[in-house]
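**Student:** One letter stands for each residue in the lines below.
There are 2 protein chains.
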Amino acid sequence: MIFLPVRNFKEEDLAVIEARMHELAKKDYKIVGRQVPKDEARQLYKDNPFKLEIIDQIEGETVGIYRQGDFFDLCRGGHLDSIGKIKHFKLTGISGSYWRADREGTALQRITGVCFATKEELAAYLKHLEDVQTYDHRRLGKQLDLFSFNELSPGMPFFHHKGLIVYNKLIDYLRHLRGSDYQEIKTPQVVNESLWRTSGHYDNYKDHMYFTSVEDTSFCIKPMNCPGSILHYKEKPHSYRELPWRLAEFGFMHRFELSGVLHGLMRVRAFTMDDCHIYCTVEQIEQEVFRSLELAQKLYSKFGFNDIKLALSTRPAKYIGSEEVWDVATNALKQALEKNGKPFVIQEGEGAFYGPKIEIKIQDAMGREWQCGTVQVDFFMPKNFELEYVDSDQSRKTPVILHVAIYGSLERFFGIILEHFKGHLPFWLAPVQIRVMTITEQQDAYAAEVLQGLRDAGLRVERDLSSDQISAQIRRAQVEKIPWMVVIGQKEVDAKTLTLRHPDGKQEFGLTLEAFVARAQELNKY
Amino acid sequence: MIFLPVRNFKEEDLAVIEARMHELAKKDYKIVGRQVPKDEARQLYKDNPFKLEIIDQIEGETVGIYRQGDFFDLCRGGHLDSIGKIKHFKLTGISGSYWRADREGTALQRITGVCFATKEELAAYLKHLEDVQTYDHRRLGKQLDLFSFNELSPGMPFFHHKGLIVYNKLIDYLRHLRGSDYQEIKTPQVVNESLWRTSGHYDNYKDHMYFTSVEDTSFCIKPMNCPGSILHYKEKPHSYRELPWRLAEFGFMHRFELSGVLHGLMRVRAFTMDDCHIYCTVEQIEQEVFRSLELAQKLYSKFGFNDIKLALSTRPAKYIGSEEVWDVATNALKQALEKNGKPFVIQEGEGAFYGPKIEIKIQDAMGREWQCGTVQVDFFMPKNFELEYVDSDQSRKTPVILHVAIYGSLERFFGIILEHFKGHLPFWLAPVQIRVMTITEQQDAYAAEVLQGLRDAGLRVERDLSSDQISAQIRRAQVEKIPWMVVIGQKEVDAKTLTLRHPDGKQEFGLTLEAFVARAQELNKY
Numbered sequence: 079m080i081f082l083p084v085r086n087f088k089e090e091d092l093a094v095i096e097a098r099m100h101e102l103a104k105k106d107y108k109i110v111g112r113q114v115p116k117d118e119a120r121q122l123y124k125d126n127p128f129k130l131e132i133i134d135q136i137e138g139e140t141v142g143i144y145r146q147g148d149f150f151d152l153c154r155g156g157h158l159d160s161i162g163k164i165k166h167f168k169l170t171g172i173s174g175s176y177w178r179a180d181r182e183g184t185a186l187q188r189i190t191g192v193c194f195a196t197k198e199e200l201a202a203y204l205k206h207l208e209d210v211q212t213y214d215h216r217r218l219g220k221q222l223d224l225f226s227f228n229e230l231s232p233g234m235p236f237f238h239h240k241g242l243i244v245y246n247k248l249i250d251y252l253r254h255l256r257g258s259d260y261q262e263i264k265t266p267q268v269v270n271e272s273l274w275r276t277s278g279h280y281d282n283y284k285d286h287m288y289f290t291s292v293e294d295t296s297f298c299i300k301p302m303n304c305p306g307s308i309l310h311y312k313e314k315p316h317s318y319r320e321l322p323w324r325l326a327e328f329g330f331m332h333r334f335e336l337s338g339v340l341h342g343l344m345r346v347r348a349f350t351m352d353d354c355h356i357y358c359t360v361e362q363i364e365q366e367v368f369r370s371l372e373l374a375q376k377l378y379s380k381f382g383f384n385d386i387k388l389a390l391s392t393r394p395a396k397y398i399g400s401e402e403v404w405d406v407a408t409n410a411l412k413q414a415l416e417k418n419g420k421p422f423v424i425q426e427g428e429g430a431f432y433g434p435k436i437e438i439k440i441q442d443a444m445g446r447e448w449q450c451g452t453v454q455v456d457f458f459m460p461k462n463f464e465l466e467y468v469d470s471d472q473s474r475k476t477p478v479i480l481h482v483a484i485y486g487s488l489e490r491f492f493g494i495i496l497e498h499f500k501g502h503l504p505f506w507l508a509p510v511q512i513r514v515m516t517i518t519e520q521q522d523a524y525a526a527e528v529l530q531g532l533r534d535a536g537l538r539v540e541r542d543l544s545s546d547q548i549s550a551q552i553r554r555a556q557v558e559k560i561p562w563m564v565v566i567g568q569k570e571v572d573a574k575t576l577t578l579r580h581p582d583g584k585q586e587f588g589l590t591l592e593a594f595v596a597r598a599q600e601l602n603k604y
Numbered sequence: 079m080i081f082l083p084v085r086n087f088k089e090e091d092l093a094v095i096e097a098r099m100h101e102l103a104k105k106d107y108k109i110v111g112r113q114v115p116k117d118e119a120r121q122l123y124k125d126n127p128f129k130l131e132i133i134d135q136i137e138g139e140t141v142g143i144y145r146q147g148d149f150f151d152l153c154r155g156g157h158l159d160s161i162g163k164i165k166h167f168k169l170t171g172i173s174g175s176y177w178r179a180d181r182e183g184t185a186l187q188r189i190t191g192v193c194f195a196t197k198e199e200l201a202a203y204l205k206h207l208e209d210v211q212t213y214d215h216r217r218l219g220k221q222l223d224l225f226s227f228n229e230l231s232p233g234m235p236f237f238h239h240k241g242l243i244v245y246n247k248l249i250d251y252l253r254h255l256r257g258s259d260y261q262e263i264k265t266p267q268v269v270n271e272s273l274w275r276t277s278g279h280y281d282n283y284k285d286h287m288y289f290t291s292v293e294d295t296s297f298c299i300k301p302m303n304c305p306g307s308i309l310h311y312k313e314k315p316h317s318y319r320e321l322p323w324r325l326a327e328f329g330f331m332h333r334f335e336l337s338g339v340l341h342g343l344m345r346v347r348a349f350t351m352d353d354c355h356i357y358c359t360v361e362q363i364e365q366e367v368f369r370s371l372e373l374a375q376k377l378y379s380k381f382g383f384n385d386i387k388l389a390l391s392t393r394p395a396k397y398i399g400s401e402e403v404w405d406v407a408t409n410a411l412k413q414a415l416e417k418n419g420k421p422f423v424i425q426e427g428e429g430a431f432y433g434p435k436i437e438i439k440i441q442d443a444m445g446r447e448w449q450c451g452t453v454q455v456d457f458f459m460p461k462n463f464e465l466e467y468v469d470s471d472q473s474r475k476t477p478v479i480l481h482v483a484i485y486g487s488l489e490r491f492f493g494i495i496l497e498h499f500k501g502h503l504p505f506w507l508a509p510v511q512i513r514v515m516t517i518t519e520q521q522d523a524y525a526a527e528v529l530q531g532l533r534d535a536g537l538r539v540e541r542d543l544s545s546d547q548i549s550a551q552i553r554r555a556q557v558e559k560i561p562w563m564v565v566i567g568q569k570e571v572d573a574k575t576l577t578l579r580h581p582d583g584k585q586e587f588g589l590t591l592e593a594f595v596a597r598a599q600e601l602n603k604y
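Which chain is which? The protein sequence lines are A and B, in order. Residue numbers 79 to 604, in the numbering used here, belong to the letters of the first sequence in order. Residue numbers 79 to 604, in the numbering used here, belong to the letters of the second sequence in order.
Treat the hints with care, as some may be off.
Since copy identity is lost for identical chains, a pair holds within one copy or between any two.
[Claimed, not checked] Below are the SDA-like pairs computed for lysine to any residue, each with C-alpha atoms no more than 20 Å apart in a straight line:
hint, residue 1, residue 2
1, Lys376, Ser291
2, Lys312, Asp223
3, Lys603, Asp117
4, Lys220, His316
5, Lys603, Asp91
6, Lys105, Gln187
7, Lys284, Thr295
8, Lys220, Lys312
9, Lys247, Gln261
10, Lys420, Asn384
11, Lys247, Ser258
12, Lys396, Lys417
13, Lys396, Thr184
14, Lys165, Leu589
15, Lys396, Lys461
16, Lys165, Glu96
17, Lys420, Arg98
18, Lys376, Gln449
19, Lys220, Gln261
20, Lys247, Gly329
21, Lys312, Asn228
22, Lys314, Asn228
23, Lys439, Ile164
No lab work stands behind these hints, which were simulated from the structure alone.
Chain A with its partners taken away, still in its complex shape:
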């Protein structure tokens, strides 16, 4: 047992430990295990209360002990035969933890590391780790002046001017894709608690809900958009002719999360969901799911997310509704997936109790998977809220609701694409698309003219008004990851042309304003 000086491990200790590990590894000790009677093991660990606790909890009369050189540990086994094989490793961090993950228990430290079979694999992984850190969306959010957080409003982003442009563009783009086939609404955020009791949210979700009270009545700040959409549906009677009714809402919601789990835009307490509730008949499920999958894939591909993963979750052990309707709905989802043509997996029994669903995962440029999209069939809420439509034979029937989200949380999606693009947002989405720079103030008048021309064309353009050298201006635009730079010198003024400079240094000379605008507008198109 190692006795530590009375202080915590620090980052700089890792190098020392790592060096010692290399030393030991070179000795190539064999790893040898044996079963030891519990009493003998207790004797070995008589000064270590943690091991003693573990020994007590192991079933049977013996425990495994594995030895390498003069170090031994309790273990069930499954090891290399010698430690000399461990060559390409790296200690990656220290974190705090609690014994048995109990916050009241003893505080411990955990040192984590990774080990690969080859040097190349280790290097690739370390590069990945570095990228993840360099392109952490919280860091980019600050660097690019997109958003921030304040301890007075934990987990609730402040969108800066530039960040809000991106946020609004995400909304605008999905609105564009939806076209005239969807109706968008806006429902209240503060709604009587009784609604959330009917919807089941109160019973199942109240620990994540914010409550407020006026005139002796308890209200909840909405954690979901469905009940609001449903109240809108119930405002008037509906005919089968109106179905499918696709009711969308970019709903701003609040969900309480423990301070400890908040993480930039990825895990927040307030966010916007691109919710859509499709009220339809059971027969329409297939077609609507197919359309939703198409819409989702079209949207994702705009961000370069072409490699998506689809999973169908089917009826769980506990469910509502008849087996027959479940079969019809699950089959409809399967048909839609097959028609869609991309491979999908089936997650047997993993559906919600109120209906089967499809989950869509995207993969970012760093190879990480993110579940964003969901298409959820819902038999429960239509029943619970007694929704109806009048069918062609005048009978009253209950519609199905499909809950569809593509971005999922807009805030989280924003975080994902920031990291995915390493901050280099595509031209159509960039808050500042073009930065105009001049070499000397002789070019100011022409630059002002160019600026106005670009602005009139609906482009998001800024001027660098500093008196810095052009190289410093360029560097700044690169740091701010602005897609296009316009560099104006006397040559450009005389020829009434523009030089377009790309972030990678590539330059295009002699562009007319018209040609420049046409190119930009082409990139701006959805």
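Place chain B on chain A using the hints.
**Tutor:** Just chain B now, with coordinates in the frame of chain A:
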């Protein structure tokens, strides 16, 4: 004293009372008053506890009694000399009230009426009343499928698809007018109570605030946007070069109002304010106020509100800051108003304790005035939040904040323009701009082509898909107040043209799709 049967007055009683009033008026009784000792008056009213209470509260030894025919009443006087002069009157309503406006007191009824000198004036007024009722925005909101309310979320509008289009257009139009001179942000809705204590809202406004609590911390749902804007300002140090910094936010806010005072979109508990906080120096106030007034007038004129009223409210008895700074700021507002050129009044001493302000009132088509715009100078919050900028001489100074709102509440402005336009929203703002109709299904293919052409041109267009007669289709579009109708018969199909029908019945024949689109896009421009 009149003894009523034991029932309340109803609407239908008004006609009976009115008829009797006309009868009595014809008798042309003289109205004669005299002072009566209180004891005598008490004797006269010995069975009327209300009058006895009034008599007790009148100072002096006598009270006034006025008589007309056999009716007399307590009165201080100031009357016509005879009732025959009262000819052009109308009883306009019955409402409930409480004795001494005390909710615990005796319930009474109030009958209201109006009287004019001439028949014409009365008629004009009654027409106005009818208009106000017919074009009540709550009624239009329902008729045009724009918004609704639900008792589960009192005072918080549900924007329907069509209403949300209008709401979003209002935002888009102001964004357009602001251009690149403003920065728009989005700050959290739920913020730590401590912020609202610093801002002074907690002390002065807490009865109108919604509170919520998590992790043993009290948070408020924002009733104002200023503190959020200020936190953003404080994120980084500022140089005088950055000022004026115009930080706008379409902030969604919650303010508690008693159920009893809620009134459609005009008085709500949740609304969006087109807030702008301009951080500037004292020297910049005049120019910024001038620009804000210009912006406001440009915006209002788009809705036909050209007749605006401006009022400058100056230093009240209780104020913060030095007299000198007040004088400079008040003078700056005055200069800006004078440069603006429209007449304005001065409301001496009516400014807020933290700074002078300008109020802007608009007048609607029914002659009613609405205060929408405000430009408020604020010395208080910059001090309270210790805001700073570094001046050209490197000294740290406190900026001034100008709070500017033009729409005020977007929801309320929506209500105002709905009534102002009597539901006929202008083309650029109408949720459905064009309805395409066909005479028989022979024209369906061409109609689909036209619909797609108009949609591709970015116009908001719908098809009437019913099999109703064309006259019924036209009637429906008129009821829905759709600005343009396109009527397609076989003649139009053969000639590949369109007929444009206006709501007033005027028709234009033989338009090509291109000419039609060009006209529509012209109207669509800001």
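**Student:** If a hint holds in the structure, say so; if it does not, say that too.
**Tutor:** Structure-based check of each hint:
For the homomeric pair Lys376 and Ser291, neither the shortest alpha-carbon distance inside one copy (43 Å) nor that between copies (41 Å) is at most 20 Å. Taking identical chains as interchangeable, the C-alpha atoms of Lys312 and Asp223 lie at most 20 Å apart only when they sit on different chains, with a minimum of 14 Å there against 43 Å within one chain. Taking the shortest alpha-carbon separations for Lys603 and Asp117, neither the intra-copy value of 75 Å nor the inter-copy value of 88 Å comes in at or below 20 Å. In this assembly of identical chains, Lys220 and His316 lie within 20 Å of each other by CA distance solely across copies; the values are 16 Å between and 49 Å within a copy.
In this assembly of identical chains, the alpha carbons of Lys603 and Asp91 never lie at most 20 Å apart, being 53 Å within a copy and 66 Å across copies at closest. With identical chains, the CA atoms of Lys105 and Gln187 are never at most 20 Å apart, being 27 Å at best within one copy and 102 Å at best between copies. For the identical chains of this complex, Lys284 and Thr295 are neighbours both inside a copy (16 Å) and across copies (17 Å), given an alpha-carbon limit of 20 Å. Taking the shortest alpha-carbon separations for Lys220 and Lys312, only the inter-copy value of 15 Å comes in at or below 20 Å, while the best intra-copy value is 44 Å.
In this homomeric assembly, Lys247 and Gln261 come within 20 Å of each other (Cα to Cα) both inside a single copy, at 19 Å, and across copies, at 16 Å. Proximity of Lys420 to Asn384 under the C-alpha cut-off of 20 Å is restricted to the intra-copy arrangement: shortest distance 11 Å within a copy versus 59 Å between copies. For a Cα distance limit of 20 Å, the shortest separation of Lys247 from Ser258 qualifies both inside one copy, at 18 Å, and across copies, at 16 Å. Proximity of Lys396 and Lys417 under a CA criterion of 20 Å is satisfied in neither setting, with 29 Å inside one chain copy and 73 Å between copies.
For a Cα distance limit of 20 Å, the shortest separation of Lys396 from Thr184 qualifies neither inside one copy, at 39 Å, nor across copies, at 59 Å. Taking the shortest Cα distances, Lys165 and Leu589 never come within 20 Å of each other, neither inside one copy (56 Å) nor across copies (80 Å). Proximity of Lys396 and Lys461 under a CA criterion of 20 Å is satisfied intra-copy only: 17 Å inside one chain copy versus 60 Å between copies. Taking the shortest alpha-carbon separations for Lys165 and Glu96, only the intra-copy value of 11 Å comes in at or below 20 Å, while the best inter-copy value is 104 Å.
Taking identical chains as interchangeable, the C-alpha atoms of Lys420 and Arg98 are never at most 20 Å apart, the minima being 50 Å within one chain and 83 Å between chains. Only within a single protomer do Lys376 and Gln449 lie at most 20 Å apart by alpha-carbon distance; the minimum there is 16 Å, versus 46 Å between protomers. For a Cα distance limit of 20 Å, the shortest separation of Lys220 from Gln261 across copies, 17 Å, qualifies, whereas the shortest one inside one copy, 36 Å, does not. For a Cα distance limit of 20 Å, the shortest separation of Lys247 from Gly329 qualifies both inside one copy, at 16 Å, and across copies, at 18 Å.
Only between protomers do Lys312 and Asn228 lie at most 20 Å apart by alpha-carbon distance; the minimum there is 11 Å, versus 40 Å within a single protomer. For a Cα distance limit of 20 Å, the shortest separation of Lys314 from Asn228 across copies, 13 Å, qualifies, whereas the shortest one inside one copy, 43 Å, does not. When the C-alpha separation of Lys439 and Ile164 is checked against a cutoff of 20 Å, the pair qualifies neither within a copy, at 35 Å, nor between copies, at 79 Å.
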